[in-house]
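Residue numbers (our numbering), protein chains in the order written: chain A, 1 to 197; chain B, 1 to 581.
By construction, these hints were calculated from the structure, which means they are not laboratory data.
A virtual CB, placed ideally from N, CA and C, is assigned to each residue, including glycine.
A few of these clues could be false.
Said to hold, decoys possible - The calculated label-pair distances, taken between Cβ atoms and stated as ranges, are:
no., chain 1, residue 1, chain 2, residue 2, range
1, B, Leu552, A, His193, 50 to 60 Å
2, B, Ala564, A, Val20, 27 to 37 Å
3, A, Arg103, B, Tyr581, 16 to 26 Å
Said to hold, decoys possible - A few chain A residues facing chain B, derived, Cβ under 10 Å:
no., residue
4, Met1
5, Lys2
6, Val64
7, Ser94
8, Glu111
9, Glu113
10, Arg142
11, Gly146
12, Arg150
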Amino acid sequence: MKIWLSELLTSFRAIIGLAVIVCGIYPASVWLLNRALFPAKSGGSLIQRDGRVVGSWLIAQAFVEPRYFHPRPSAAGSGYDASRSGGTNLGPTSKTLVKTVGRRAAQYREENELPQDALVPADAVTSSGSGLDPHISPENARLQAGRVARARGVPEEKILEQVKAYTEGRTLGIIGQPRVNIMKLNLALDGVHDVGR
Amino acid sequence: MDIYGWVQLALFMALLGLSAKPIGLHIGRVLEADGKTFLDRGLKPVERGLYRILRVDPGSEQDWKRYTLSLLVFSLAGLLFTYAILRLQHILPLNPQKLGPVRPDLAFNTAVSFASNTNWQNYAGEMTLSYFSQMTGLVFQNFVSAAAGIAAAAALVRGIARHSAKTVGNFWVDLVRVNLYLLLPICVVYSLFLGSQGVVQNFKPYITARPIEATAAPSPETAPAGQTIAQGPAASQIAIKMLGTNGGGFFNANAAHPYENPTPLSNFIQMLSIFLIPSGLTYYLGRKVRNQKHGWTVWSAMALLFLAGVLFCWKAESDGNPRWAELGVSRTLGNMEGKEVRFGAFDSALFASVTTAASCGAVNAMPDSFTPLGGFVPLFNIQMGEVVFGGVGSGLYGMLIFVVLAVFLTGLMVGRTPEYLGKKIDSYDVKVSVLALVILIFSILGFSAWAAVSPWGKAALGNAGPHGLSEILYAYSSGTGNNGSAFAGFNGNIVRLNITLALAMLFGRFLMLVPVMALAGNLAKKKRLPPSGADFPVGGLMFTLILMATVLIIGALTFFPALALGPVVEHFVMTGSSILY
């Protein structure tokens, strides 16, 4: 019993001693260093427009108007809720999932005036893991370019040029996937550019 | 399965292999009470100060019973500490969202989950926990439960390396030194790297952004004025979450969240950092027992089992879901449900394999939405006992249990007294080793069976059909294996599941630790036999294969009937029928 008690006392002393270091000094120094070195990024990579925060470069937002590129479907909260991240967690044999994907594919073809037998890029009709994925595949962006061009009354080539300019390749040529950040692309179409770029 | 994936996989394995020696040497210095490291100049005074606070003499050592007692009592005290913080977060500082106290059953589940290095998330970070709870209640456990795992592995390695010895080290010294000299310095550098990639680190209230599109009104009930964007001190937490193979996310979506894992590069480094210490520990083993070939043999067995899993999972995920062909959806990107575009099929499959081979449990894609065979791999990895690199410390001591059994089995086959590195393996060693494994099997299959026939178990399912059984099986495998990843459609946040999952985590961690420590104590006190030339070599290709076979046969075959009814059946339903659930 005495041994237990002494171990317990040592444990509490260890908790206090270690907590001061790993829960106090450590996160506080990381906070100060990151704030000094990467002020915009540690603050959430926020987008300012006319002095107001309109979103984050890293977090997808809902876009439904035809003149904007549309993000991937979202299961975060009731859609793109950046305080409730998450996916659908529906399995591959789920009726709900297969139905939803089919409905979205039909809608995608209609919105973008694609032929009935056109294959839809998988990322355009599936929900991301976070529900906040800011990226779409380059193929998905190219297929949406025509619609965006028509809505904005500009030639499609102009929009495709922007898509190309905002396509990010694999890191070091091998890591990750080619992708287009819709926040950057949509704001570039509106004439706002990511200063951190 | 494109060339980029193959090259990246080769790069990943090469970097892992190259890092094993330097990190293993550093671990060796950290785990000697008087070891010298290049950090001594700054940290030695802190170390001495901590010993003074703890009133511990760094020169003294403990026998295995006392070492185990210290570890268990410390873990229990830490559990109470985290539980108290979660229950009291509404009156503690750094709670800009004014989140209320965490419900008792959820707080208990979460405290157990972090104290056992599991980090199962029945809570949703940004909706449930204040910055203070994350930074203190959870980060504390991320550091110390990782250090405790490494300490236990060190005690076992000392037991193997020593002979005619009574003691296996001093838990308090190991705890302090691992935190100060190993985890903390790497985490500081690592969190700066994460910051450079876009991981947030601030204490601001959640930001309300006015959406760019006027018509975009997300949810009227949660954010009528615009998009609410959660913030917080994430970078410092994510560094230790990965390095300590904890895996509990700052945000609900874990490493799929763009604030937690913003770029392919941050993703690559996060995967590497999960394996860094477990892989280095095999080098430490080889060095301590003066048989580097044995260390590399263990590493190779782990690497081969790992690669088999990665390729299997990658193939399944890049093939995607055959049902989508008839919907006119392209399969060139593979199965994208629950995945992020920046990672795609390969990086998601690799991440899922890494996080379950180690007992990390972080996810960058939702395993519940993987194809049946893609989801089979993470589940199988956990059920093998997470000995493929494994958790920090727990991976090595889990694998050493299999090494003892492999030595015993080969001894039986050739009719010779089994010897391991010059020590006789007797019935006591085999009994405690088997006991450690049986506890895991009983916990996983017992709880799963119970939940599968109970209304509360079935009510939690997010998917029907064979996928539902996979969800239950995954939950208790992940809990018992102290992994923490989930088939997250399964809603574990109800009282009975919070309690049974917490029990599974406690059994998996602490009931396994006791036999492991008993083995350490028993091996330490043995005499070393003179080399006879007839002992079985524990290095080389032959032993690699025997070790892999032991892991597969003893560790995983037990679960095969259950796996056949879950992911295997679902695979055939998906490919060979038009049934949907």
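Hints, verified against the model:
1. B:Leu552 / A:His193: 50 to 60 Å: holds (55 Å)
2. B:Ala564 / A:Val20: 27 to 37 Å: violated (51 Å)
3. A:Arg103 / B:Tyr581: 16 to 26 Å: Check passed, 18 Å falls within 16 to 26 Å.
4. Met1: The hint is violated - A:Met1 has no Cβ within 10 Å of chain B, the shortest such distance being about 12 Å.
5. Lys2: violated (12 Å)
6. Val64: holds (6 Å)
7. Ser94: holds (6 Å)
8. Glu111: violated (14 Å)
9. Glu113: Violated - the Cβ of A:Glu113 stays beyond 10 Å from chain B, reaching only about 15 Å at its closest.
10. Arg142: Hint on A:Arg142: violated, closest Cβ of chain B at ~13 Å, above 10 Å.
11. Gly146: Violated. Min distance 18 Å.
12. Arg150: Violated - the Cβ of A:Arg150 stays beyond 10 Å from chain B, reaching only about 18 Å at its closest.
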